[in-house]
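Student: Line by line, the protein sequences are chains Y and R. Just so we're aligned: 307 in my numbering is position 107 of the first sequence, and the numbers increase by one with no gaps anywhere. Just so we're aligned: 1134 in my numbering is position 73 of the second sequence, and the numbers increase by one with no gaps anywhere.
Keep in mind that the hints were calculated from the coordinates and are not lab data. Heads up, some of the hints might be wrong.
[Claimed, not checked] Now the in silico label distances, taken between C-beta atoms and shown as ranges:
1. R:G1077 with Y:G216: 49 to 57 Å
2. Y:E218 with R:T1138: 44 to 52 Å
3. Y:G216 with R:Q1075: 47 to 55 Å
[As the list claims (entries may be wrong)] Residues on chain Y that point at chain R, a partial pick, calculated with CB under 7 Å:
4. M239
5. G242
6. Y248
7. N250
8. V253
9. P254
10. D257
11. K268
12. F291
13. N299
14. F304
15. G305
16. Q306
17. G307
Where a beta carbon is used, it is the ideal one built from N, C-alpha and C, also for glycine.
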Amino acid sequence: DAGVIQSPRHEVTEMGQEVTLRCKPISGHNSLFWYRQTMMRGLELLIYFNNNVPIDDSGMPEDRFSAKMPNASFSTLKIQPSEPRDSAVYFCASRTTRNTEAFFGQGTRLTVV
Amino acid sequence: TQLLEQSPQFLSIQEGENLTVYCNSSSVFSSLQWYRQEPGEGPVLLVTVVTGGEVKKLKRLTFQFGDARKDSSLHITAAQPGDTGLYLCAGDLTQGGSEKLVFGKGTKLTVNP
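Construct the entire structure; sequences and hints are all you get.
Tutor: Put into structure tokens, the structure is as follows:
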């Protein structure tokens, strides 16, 4: 398996633009997580899905953020409109079930100017 | 509010020294995991501890889960420059029948030759 695949690896956009981050989890994994990593706040959980259903989105910072998982092999995280303070590295991770290893993608480095 | 408090945040030591990293919480976790992250990459699992009081060893690394399953520690013996990296603790928190995986802010370890 190729592991968790995220795209793009890097994204530079202007304030106010829409940004869409993509994630393909490992086949057979039932849980998918979206995290945001910054120096100040560390690795923050934004939202997670179980069997394609959003379970907890309490970490989503504002209504500007939304996430979908239309099927077991694809998820998106959208920011609209983007702001400079959204600049961070966004990670997607997947795993089979609780207490098991979470496999991370390589992340998307987002810069909003 | 940070569910998992990690300390110290930064640690710079000389090769051959021993060190301990702590991960504390007021919440009870069904498991505690330790990850290591290299620059430009996602975190990679080192170990999972599940039972209160459990101790696991991985070569020069010793991991312990607190009796009450609220805290954990990572001890490295005779640190080497190759141990340099960001160490993250993560806990599985039960919520509504599902487990969400939350992370501490991390400990950035530098081992100088």
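Student: Does each hint hold? Answer for all of them.
Tutor: Verification of the hints:
no., hint, in the structure
1, R:G1077 with Y:G216: 49 to 57 Å, "53 Å, holds"
2, Y:E218 with R:T1138: 44 to 52 Å, "50 Å, holds"
3, Y:G216 with R:Q1075: 47 to 55 Å, "49 Å, holds"
4, M239, "9 Å, violated"
5, G242, "3 Å, holds"
6, Y248, "6 Å, holds"
7, N250, "5 Å, holds"
8, V253, "9 Å, violated"
9, P254, "11 Å, violated"
10, D257, "11 Å, violated"
11, K268, "18 Å, violated"
12, F291, "5 Å, holds"
13, N299, "4 Å, holds"
14, F304, "3 Å, holds"
15, G305, "6 Å, holds"
16, Q306, "6 Å, holds"
17, G307, "6 Å, holds"
When each numbered hint is compared with the structure, violations occur for hints 4, 8, 9, 10 and 11.
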